[in-house]
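**Student:** Sequence:
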Amino acid sequence: MAEFRTPIGTRDILPPESARWELLLARFARIVEAAGYGLVISPMFEDVEVFQRVGESTDVVRKEMYQFTDKGGRELALRPEGTASIVRAFVQHRPPTPWKTWYAAPSFRYERAQAGRYRQHHQGGIEVLGTDDPDVDVEVIALAWEFFASVGLRLVTLKVNSLGDATCRPVYREALRAFLEARQDQLCDEHRTRWEENPLRVLDCKKPECVAATADAPHQLDFLCDACAPHFARVKDGLAALGIPYVVDARLVRGLDYYTRTTFEFASRALESAQNALGGGGRYDGLVEEMGGPPTPGIGFGIGLDRTLLACNDEGVMRIEDLSPRLDVFVVDFAGGDGARDITFRLRSAGLRADRAFGGRSPKSQLKSADRSGARLALIIGPDEVAAGQVAIKDLRAEPGTPQHVVARDALIDEIRRRLVSDASTVGPVSNLES
RNA sequence: GUGGCCGUAGCUCAGUUGGUUAGAGCGCCAGGUUGUGGCCCUGGAGGUCGGGGGUUCAAGUCCCCUCGGUCACCCCA
883 MAEFRTPIGT RDILPPESAR WELLLARFAR IVEAAGYGLV ISPMFEDVEV
933 FQRVGESTDV VRKEMYQFTD KGGRELALRP EGTASIVRAF VQHRPPTPWK
983 TWYAAPSFRY ERAQAGRYRQ HHQGGIEVLG TDDPDVDVEV IALAWEFFAS
1033 VGLRLVTLKV NSLGDATCRP VYREALRAFL EARQDQLCDE HRTRWEENPL
1083 RVLDCKKPEC VAATADAPHQ LDFLCDACAP HFARVKDGLA ALGIPYVVDA
1133 RLVRGLDYYT RTTFEFASRA LESAQNALGG GGRYDGLVEE MGGPPTPGIG
1183 FGIGLDRTLL ACNDEGVMRI EDLSPRLDVF VVDFAGGDGA RDITFRLRSA
1233 GLRADRAFGG RSPKSQLKSA DRSGARLALI IGPDEVAAGQ VAIKDLRAEP
1283 GTPQHVVARD ALIDEIRRRL VSDASTVGPV SNLES
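Quick note on this note's numbering: the first sequence kicks off at 883 and runs consecutively.
To be clear, the hints were calculated from the coordinates, so they are not data collected in a lab. Any given hint could turn out to be false.
[What the hints assert, rightly or not] List of simulated lysine to any residue pairs, SDA-like, C-alpha gap at most 20 angstroms:
#, residue 1, residue 2
1, Lys1041, Arg1074
2, Lys1041, Arg935
3, Lys1088, Cys1070
4, Lys945, Asp1014
5, Lys1246, Gly1218
6, Lys1276, Val1288
7, Lys1041, Asp929
8, Lys1088, Lys1118
9, Lys1088, Cys1107
10, Lys1089, Leu1103
11, Lys1041, Asp1086
12, Lys1276, Asp1204
13, Lys953, Asp929
14, Lys1246, Arg1230
15, Lys1089, Asp1071
16, Lys1089, Tyr1128
17, Lys1118, Lys953
18, Lys945, Gly918
19, Lys1041, Lys945
20, Lys1246, Ala1217
21, Lys1089, Gly1125
22, Lys1041, Cys1070
23, Lys1246, Val1303
24, Lys1118, Thr1013
25, Lys1250, Asp1237
26, Lys1118, Tyr1128
27, Lys1118, Glu1091
28, Lys1089, Ala1099
Keep in mind that this is a model prediction, so the values were computed, not measured.
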């Protein structure tokens, strides 16, 4: 057994699996940048209060945060989600609005690991600050939808809801409180004592008692004010206009307290595991102010990239086997090594993807490495070729017995290019699935 | 934080009611082919049986503890 291993709930992502991550991140970046979003790279730890502002009553900040004191006595925490950092950056730098940003970064939560749940997971997300136009809500949702579609996922479902705003939410809360108060003895053990703390959370409880007791509970949707109702209607119209299927789920309550108005969640019907939420988000029109900035509406989503890949596994898309080899040529030299050293360097300078064998191994052994590398061509340099100033080119995908060609060193790069363009499948893994 | 299941080679696993030097497939390395991969054949390297303690003449096998993995609850991405 190895002496050291990755901490609980974390893992190494190694080749060839990591190639899927490169592709996934490239897809995400391409889609959101094409929509005018700019990358924000923020620290992965912040003043602990930055994250506490996203919701004192949520498990994420209450009991799952990686908190620590640094040597200067500062109270810091590892980022448990993406939005708080972006909002903090907005308040700190006051960029012009609307500020459209994206990020792809790890988040950390101290939880028991299980399928689709890690202590370090990776989220890709976008945030738009400075406009409450409902068409932005539609844009944000549509970009997430497009991302899932771009990786080939077909079994993704979208749920939307509106949680109201500072005007209508308190009214609804009070109605729900009154409703729960009348039936508190029917709730589950936990909520019988805690329903007052956060009444909305009771609607999210999966215990049969709570589900039954709240079956005909009032919905926020029935309490939307004159500002929120048309906002939500416009969002639904927009989704319909773009052909994005959705269901309104009046019981959708997300795990962070900052949400207002539009909230949404993506789930995979393909995922067998209990963790089938791929991502979610919503509006947080009060959060910037809460963080000490000017009143500024905002909306965004976070997508779990780890889970997106799990969903890809279950749907059979983004398969590692479909990723093409990354190398154009593999250099085999059993004439001392000068040729491998010099030619590999020249090939790379010319923009070709090239690797070689080291250690002066036998021709057979080096060819074996060439085969496994997945390269299209092998360049063979033996004493005969050196003497003639030539290099042998072997097509590694040709049928056995296919004769190899010998070219002068001066003509080598042109000849390789000629052979590569004649076979489109030699394009690398990223660009091959990029279209 | 709670519970179920599981820890034997790099990987996937076998190991008969406890009984000699712990096995296979894949992978890796080498040879068969004094300069040619993929198929085949042969050989080799690689394991304190997760760790500690206990029972026993004898423990990979039984018991306890512990660490780790995994799945579920909870929560969420």
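**Student:** Need the list of violated hint numbers for this structure, in ascending order.
**Tutor:** Those not satisfied are hints 1, 2, 4, 7, 8, 9, 10, 12, 14, 16, 17, 18, 19, 21, 22, 23, 27.
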